[in-house]
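Single-letter residue listing:
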Amino acid sequence: MTKKTAFWIFLLGTISSAALFLAATWDTHRQVATLSHVDKLSDQVVAGKRAFEKYNCNDCHTILGFGGYYAPDLTKVVQRIGADGVRYAVKSPEQAFADSWRKMPQLNVSDAEIEDMVAFFTWVGEINNNDWPPQDSKKRLSRGEQAMVATVGVSPGAAVFQTKGCMNCHSLHGTGGTFGPALDTIGRSLSAEQIERYVKDPKSVNPKAMMPPQKELSDRERAEVAKFLSTLK
Amino acid sequence: MEYRSQKIAYWYFIAALPLFVLQVLLGLYLGGSYAFTMPQGIVDVFSFATARSMHTNLLVLWMLLGFMGGAYYIVPEETKSEIYSPGLAYFQLVALLVTGVVALIGFFFGWTQGRPLLEIPRPLDLVVVVGALIFLFNIGMTMLKANRWTAIQGTLLGGLVFLALLYLFGIPFYKNEVIDWYYWWWVIHLWVEGAWELVTGAILAFILMKLTGVDRQVVEKWLYIEIGLFMFTGIAGTGHHYYWIGAPHYWLWIGGIFSALEPLPILLMVIDTMMHVKERKTKIENPLVWTYAIGCAIFHLIGAGVWGFAHTLPQINYYTHGSQVTVSHGHMAFFGAYALLNLTTFYFAMPRIKGIKVFDDRRGKIGFWTMNSAMLIMGLTFGVAGVLQAYIERVLGMGYMTAQSYMRLWMLITVVAGVFFLGGLLTTVTDLLTLRPAKQEA
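As you go down the protein sequences, you meet chains A and B in turn.
Numbering of the first sequence is given in our numbering, commencing with residue 897 and proceeding in unit increments.
Numbering of the second sequence is given in our numbering, commencing with residue 107 and proceeding in unit increments.
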């Protein structure tokens, strides 16, 4: 091979790849409007994005999987911990993470900015992004649930507890989150029916409850997890 | 050193080294934040986010200074002429350093653009752009005046212009988060898997040619094929970052196929380095420089090629995306490809600038092997933590902090390895700053 041939390989390789890339970029711009619901991209969402950047949240948290890996991904944070959960964590991190061995800084974010951020996260959570992240995916987790019941032999309720993200906030035997109370002995104080009602709409039982209503659980899943928790005495 | 203005490079290298040390110190703080509980009082004042923005921006700053120094060293020899304006080169060095220091202090007080790796606030971005323009003007004018073009300097200039152009895509505020990340990767990915590879290819080709005495025609032929493959796989390979951001589904195909090919040019680089070394026409005067050049090629292949390939396919990336697996790859790739390349350049050029023909490399060897082993261990421990995270958090769905509690021990081991790395780095920096001739053997 001569140097001239090598040069042509370089030129062709670069041009063909760049052409494909630019064409796909043009088409992506066309499609992103639908995929990201641009019609819902309100001024408040944009303000929320600015606040998100102002406090450098993205260097601890990932969003759409990019950023710092020091704290949970925020793509589906509203679905996971609810708008109230977001407000509480941002407003009073020293309380929200008092028992956690990893802290979040108190950044003195204003109430208006917190509302903007909630709007921003709500919008991001609805982006059609090929069902990522897996831990927040309804489809994938029910598969994980089935697998756990079949292979590990736990009760369906325990599988729901472990795979539906309850442990993001609650712990059992010291494993799990510290955002909500530990549930090791929850069966002593609450019956299965009470737990079921609480999980469906916490505020109907306790108006001050921080926990978001678990709308993603099916009736069967809710009943199973309540049955499981009521046995913990 | 054949030309007086090559001395400019020396000051760029001197400026880069302490920034590298500072980068590693901040890295230890970041690792410590995973392994230990940082109390609320400390987190409120100096958060992980602030330290991370410093850690990553220091990386970019010292490496760019290294590349620029490398360019100021290579271009005179390639064009057989002096640099157009040494005054401008020194001015540009000071301007960039001041910008960097102002940015770092600004981060501490919350002055940030708030986008990972691109935290430098927009007003300072403009200073960076002016600095880059001065640099390109200086290098470009030197080449134009000399009018003696080679493939090596063409690739170098092309890479540097491409690098500067891409930076512009990181400056605007994008309203749509999807579009924001889309163009964020034009800076980050097309830098490290595009423009920086061009610069690396050119610098490594130059050093290999000088070291081994292999014919320019042969070296430059390999260079064209390598950069051709780098561009072919790298440009469309950007797609492997577009799987989960809300971009169309076809990116899974484009990203998967092109990025699966990305290790090829790096493999080629290892093969041609080995071949040139084998067919050398000169005798090895400073073995450490050869060790660095070969080490760079091999670690580049492991860190960027193998580790990158390991999680680039969408089926795997679905679970590893945004986990410590990425951190493992990031550290190994940046160290293997770009930190080692810069250190190769430093060890090649600094003795020549100082007029030392054969230098005493005993400390340098210790530094090289300590840093390389420590980084390999860090890559593995970050990797184990990442696999644990992907499995516990993403496959089992057990929650973020549950996964983190299993990863904690591995992060602690990483910190210990990081301390060894710092030791190796300090040895290397001391060695580079106080290079002395080897004692003549009796």
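Some hints could be false.
[As the list claims (entries may be wrong)] Think about it this way: if two alpha-carbon atoms lie no more than 30 Å apart in a straight line, the pair counts; the simulated DSSO-like pairs of lysine-lysine are: (1) A:899 with B:387; (2) B:545 with A:900; (3) B:463 with B:545.
These are calculated hints, taken from the structure and not from any lab test.
Remember, predicted model here, so these are calculated numbers, not experimental data.
Subject >> Pair hint residue 463 (chain B) and residue 545 (chain B), alpha-carbon separation not exceeding 30 Å >> reply: Distance of about 12 Å is within 30 Å: holds.
Subject >> Pair hint residue 899 (chain A) and residue 387 (chain B), alpha-carbon separation not exceeding 30 Å >> reply: With Cα atoms ~21 Å apart, residue 899 (chain A) and residue 387 (chain B) stay inside 30 Å; holds.
Original post:
Given the hint that residue 545 (chain B) pairs with residue 900 (chain A), does the C-alpha gap stay at or below 30 Å?
Top reply: 46 Å, violated
Violated hint: 2 only; the structure is consistent with all others.
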